[in-house]
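K.L.:
Residues per chain are reported as follows:
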Amino acid sequence: MRRSLSLDINTLSEYDSKKIFNEFGINVPPFTLAENPEEAVKFAERVGYPVVLKGNSWRITHKTERGLVKVNIKSPEELKGAFLAIKEVGGDELDGILVQRMIRGIREFIMGVAHDRTFGKVIMFGIGGVLSEAIRQVVFRAVPIDEEDAEEMVKGVSSSFLGHLRGEPPVKIAEITRMLLSLSKLAEELEVKEVDLNPVIIEDGIPYAADALIVL
Amino acid sequence: MIDKLKPLFLPESVAVVGASYNPMKWGFGILHNLVKGKFPGKLYPVNPKGGEILGVKVYPSLEEIPGNIDLAMIALPKDKVFGAILECAKKGVKAVCIITAGFSEAGEKGEEEKIANLCREREIILVGPNGLGVMNNHANLHALMTAIYPPKGNISIIAQSGNLGDSFMAVGFTYNLGFSKFVSSGNEALYRTEDFLEYLGEDPQTALIMLYVEGIRDGRKFIEVAKKVTSKKPVVLLKGGVTKAGSKAAMSHTGALAGSEEVFRGVLKQCGIIQADNFQEMIDIVLALAYQPLPASEKIFVIAAGGGWGVITADACEKDGLKLVPLSPQLEARLKEILPPWWSPGNPIDMVAGRVEQNFERVLEALLESKEADSILTLGAGYIWEVGNMLKEALFYSESLEPVIQGMYKRALEVVDKVAKMREKYKKPIFVSSDTILFAHESDNQSIFKMIKEGFFVYPSPERATKVISKLVWYSKYLKRRGHPPPEPAGGAEAG
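If you're matching them up, the sequences are chains A and B in order. Numbering (my numbering) for the first sequence: 185 to 400. Numbering (my numbering) for the second sequence: 34 to 529.
Calculated directly from the structure, the hints in this document are not laboratory data. Just to be clear, a hint being listed does not mean it is correct.
Subject to a maximum C-alpha distance of 30 Å in a straight line, what follows is the list of computed DSBU-like cross-link-like pairs (lysine-lysine) [stated by the list, open to error]: (1) A/305 <-> B/356; (2) A/339 <-> B/260; (3) A/356 <-> B/113; (4) A/339 <-> B/332; (5) B/460 <-> B/425; (6) A/305 <-> B/265; (7) B/352 <-> A/369; (8) B/352 <-> A/339; (9) A/339 <-> B/113; (10) B/261 <-> A/339; (11) B/113 <-> A/369; (12) B/302 <-> A/377; (13) A/305 <-> B/260; (14) B/513 <-> A/339; (15) A/369 <-> B/261; (16) A/305 <-> B/332; (17) B/142 <-> A/369; (18) A/369 <-> B/513; (19) B/142 <-> A/305; (20) A/356 <-> B/356.
Next comes chain B alone, as it looks inside the complex (with noise of 0.2 Å):
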């Protein structure tokens, strides 16, 4: 799939058929993501009034271009689009990407079929149509009616819908994630959700793939190709039309029908594919597979920072399956040498009061030492930054106490260096979930954002957090039972 699909992902030229002048239509914005996005090689605006955009020279034919076309992105209105197909192929055009809608997601089976049939006979490869277009971060490909130029990375997208794909982009954006390949699939009328799954799963620069799903067409190479490249890296999917009413709105989104929804749940598991059961969940899942060592087991320490906190987290434990192990007695020795005489044994390890000086990682030292549970959940992150903030607002507060808070502050964002080194040396996934994050902006803590940038994201609750791992876990089990080595973790932006 990787030689086969190069002239999508690495082309040497692309056209944009249906070019505009007018900034407010799509024949204008694609190239101007082009241009924008640094596209090393050759650009083609088609137009048949001629002249230029942007400053790049359109010519009036695909005829006319001198040279051969890779990709060719169509942006013209649905009845002019065969005759465009045609064009391309006479011109030997090896990949079209079709933007335009009003085909089969609207209703119209027979002119998108007229379309593929071609697209078949002349071995072209199509997209869509109406996909949103494709994007090779690493080689600054973005043929995109609407690109977010998120950083690099390792993680892919196939979306069946554009908006979901950008969406996952700018939010991972927002929380350091970096990316690699994104295809809007559009209504798949040839090239579909599987062949690109397949495609991704060959190429060497992405290491998590997530997938924004309606509707499959051929369940069997999807489940064929799905076992193939789980048993390499992870991947995550977020299927819409689950219920009646999604579903109504996927038909008429993609035209593509869904199946039974117990049975895609069903097949999921069956090849190891993650599924997220909402958006939000979606980015959870992979901002932890993005950093996190897959955990071993659902065998878990929790270290609370005292309150209902470690209650409701211990809530939240048992309701996603993962097991609160009893601290052994040598760990609670261990543990005892730590901790002030009034701390009570137990998991939740409590560190009420006993969070001072380099307590916290002395513990979370012996907890990963221990090798008893096979991943460590910790809240009431930033706290030490917010109590840093709340002595500069107290009706106390004068010059002397400076060094204090600026001391504080410093000590806050060591800790998040001394637990990455940790994770480092000990190979386990460290959680973190704090309701600190939901106002770090508004305080300006620092310590949040090093923890999201150096891979420990912040999950508002603890729930959150439960999910995520459990899901973890899951796939954790499936390549053991299925005798597969647990992968790398992607990488956040900049990352391979």
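Only chain A is shown next, with the shape it has when bound in the complex (with noise of 0.2 Å):
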């Protein structure tokens, strides 16, 4: 994070996004950033397939379309493959390549960390992940939030949204609105533009913040 404040950049990559949320305890996935293939394996066998590698750069915000990221990867050969494409499409651009654990759920959360004109930094937690724009329902709350706040921003979205759905468990609550709390103290705590958290992907009641983006 120095080596980006010195270069006077105001966006992190997701990488150095994720080394703040553990510092401050948001839950991310288990991940590392790889210079080479056999870092990446080694990862890998270590916190258990499947795996995603995405491109790691503070410039590139739309790393798919980019051909950047590679999930669902199984296995040490696919991770190979997948590592090398990855550093030929991105080259001098990359600052190395994350590899973190695939979560797997079928509910995705959006959090982040907003500038409202009139109340300054707010917090916001929605349904939908990546298709929280189409779906727009989103609760706001201005930093910083206590227990009861985030409580009822989470009790704010759909109950059955929450509870068991397609034979998954149902979401830990608390561990939600730890997620919330940690991310106002975040909010507080650094001189933060904006924080998204997108998506918050639920895997057997847990939410895991699969992206991370921090914008000074």
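Fit the two chains together into the complex; they arrive one by one in their own frames, and the hints show the way.
P.N.:
This is how it looks when you write it as structure tokens:
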């Protein structure tokens, strides 16, 4: 992060964003930054397949469109191939390749910090993850939020979405509120302009920020 | 804030700068309303022509007025306002209300900023510009462009549009609400909604606050103040400028910029402010808060008078998150003692053909006593009176029916007293819904008028009632979560 700041850049790479999330106790899937395929494979062996690969760079925001994201990688061979493919496409623009355990769940949420003209920094929570802009079911609270605020935000989402759904166990609401509170803490302590956790995927009831973006 | 704003709400002397001899002008109207309202302090109309208006001596300038001036109402053309404020500053006026429009709401920020800076510098309380004035009902202060003179009470209003404030009072007046203070904050060049909210929070003569807001400038202060106030008294807010079309109108009205509506909605929830989704809902909510104890939970009993109304009401309850709790075996047995053998147990409690003699009161009491729900919604009010009317119009009407008819009218009125006593005894809200209010005047339905007077507003349709109840439940839970005790109802006309 210091490196980014000294270059006067205001968007952090996913890797750097996730490191900050870790510091604040915001759930992220196990991840690492790999410089070569061997490192990636070692990591995958440790956390377990399937994994996801993403070209890491503070400059690039639409990674999927540029072919810099490979999901559901199930073997070392696939991993090596995917790694090299991403390296080929991204080239010098990349600061390593992010490897993370793939989170699997049908439910996605969106969480974030936005800046409101009247109230300043606000926490946002909603359903739909990557589809959230189409679904438009988001709620806001001004930073700082407390336990009651976080609970009300989560309960504001439809209860059927939070309960048992298509064979998946219910969402652990306490985990989500904890995440929102940590996000509020982050927004309080850092000079952030925008923070995006999208999607937050629920696996076995637990939320994980599958993607991360911090804009300073 | 209470002490700081004393010159505004409790002035001992008021000057009307730009006083007019022409009854069509605001410079006349404000003076007129102050006089009609029996303002007990000193009144000083100011106009270079001097003379007299409505029997009050007109001074050619502020300078020539003997004694201090606490509050000055400015009704001058726009280009003369700054000069007048300078005069006010020289005279040591403590508060000014600028009625004049055409400032930031019309896109002209510069002039307004100049005035605000001057007032800030000289520590003058500036309200407006583009405001309608200020009312302190208990002190007989009606320094307003248009005065409603509502009954005295505990409800206070801050409105960024004076018209909305007037409407709150006019409609409230009709339904027996009483008002305390009103400030039309206009463009909020210096003193804003959040400042007045702080004041009203501290005001012992305010038990309920109504806000009409199009934009908030100091969001952080608003949150801080709002949280403090809602811990003691309910605040109900109507937001204008929610849709894009609306916010365009808002911008030209007060010049304030509306932030994102979803954010605003969330922040209101965070602060414990009840948000009304439209004007009618605003009035509906206040009518309930004025008289009803807060429902402790969403558990509700519905007393139906037969027909589809029970069904529709059950739907409305569901939609608004109210829980029609099943009757416990004990309660069911208790009700079976009161109601006829063909009664089918369930909630809604359908009293079809059972609404005879004292059954209604006995059922109501049994429900309240059981404590199995935290509010009651009763349907079909006003029909006893209507049946009396119907007998009068019937083909078989004859003089001999009169005692029966009069008996029905009498009973209709007695029931209201009994229900009021029960609400007092059990301290639980009893909401009423019936279409009879819609033709109460045509029918001269005294029982409906009595219900309204006793603080049982008759919601014309169940969904209006369930919407209100759900919002009161929300506020009740907000207070509980935050460890605040529920407030006493504000009271209606002549309360406080």
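K.L.:
Could you run down the list of hints and mark each one as holding or not?
P.N.:
Evaluation of the provided hints:
1. About 36 Å separates the Cα atoms of residue 305 of chain A and residue 356 of chain B, which puts this hinted pair outside 30 Å; it is violated.
2. Among the hinted pairs, residue 339 of chain A with residue 260 of chain B is consistent with the structure: their alpha-carbon atoms are about 21 Å apart, no more than 30 Å.
3. Of the supplied pair hints, the one linking residue 356 of chain A and residue 113 of chain B is violated, its CA atoms being roughly 64 Å apart against a limit of 30 Å.
4. For the given pair, residue 339 of chain A sits about 18 Å from residue 332 of chain B by alpha-carbon distance, which is consistent with the 30 Å threshold.
5. A hinted pair counts as satisfied when its Cα atoms are at most 30 Å apart, and residue 460 of chain B with residue 425 of chain B does not qualify at roughly 38 Å.
6. Straight-line distance between C-alpha atoms of residue 305 of chain A and residue 265 of chain B comes to about 27 Å, which keeps the hinted pair within the 30 Å bound.
7. Taking the CA atoms of residue 352 of chain B and residue 369 of chain A, the gap is about 36 Å. The hint is violated against a cut of 30 Å.
8. With a C-alpha separation of about 16 Å, the suggested pair residue 352 of chain B and residue 339 of chain A falls inside the 30 Å cut-off, and the hint holds.
9. For the proposed pair residue 339 of chain A and residue 113 of chain B, the alpha carbon gap of about 55 Å is over 30 Å, so the pair is violated.
10. As the CA atoms of residue 261 of chain B and residue 339 of chain A are separated by approximately 24 Å, the hinted pair is consistent with the 30 Å bound.
11. Proposed proximity of residue 113 of chain B and residue 369 of chain A is contradicted: the alpha carbons are some 51 Å apart, above 30 Å.
12. At most 30 Å may separate the alpha-carbon atoms for a hinted pair to count; residue 302 of chain B and residue 377 of chain A meet this at roughly 24 Å.
13. In summary, the hint linking residue 305 of chain A to residue 260 of chain B is supported, as the alpha carbons are separated by about 18 Å, within the 30 Å threshold.
14. Taking the CA atoms of residue 513 of chain B and residue 339 of chain A, the gap is near 17 Å; set against the 30 Å cutoff, the hint holds.
15. The suggested pairing of residue 369 of chain A with residue 261 of chain B holds, with an alpha-carbon distance near 23 Å, which does not exceed 30 Å.
16. Between the alpha carbons of residue 305 of chain A and residue 332 of chain B the distance comes to roughly 36 Å, so the proposed pair goes past 30 Å and is violated.
17. Simply put, residue 142 of chain B and residue 369 of chain A have alpha-carbon atoms about 37 Å apart, too far for the 30 Å limit, and the pair is violated.
18. Among the hinted pairs, residue 369 of chain A with residue 513 of chain B is consistent with the structure: their alpha-carbon atoms are about 25 Å apart, no more than 30 Å.
19. Between residue 142 of chain B and residue 305 of chain A the CA atoms are separated by roughly 27 Å; this keeps the pair inside 30 Å, and the hint holds.
20. With a CA separation close to 25 Å, the supplied pair residue 356 of chain A and residue 356 of chain B stays within the 30 Å bound.
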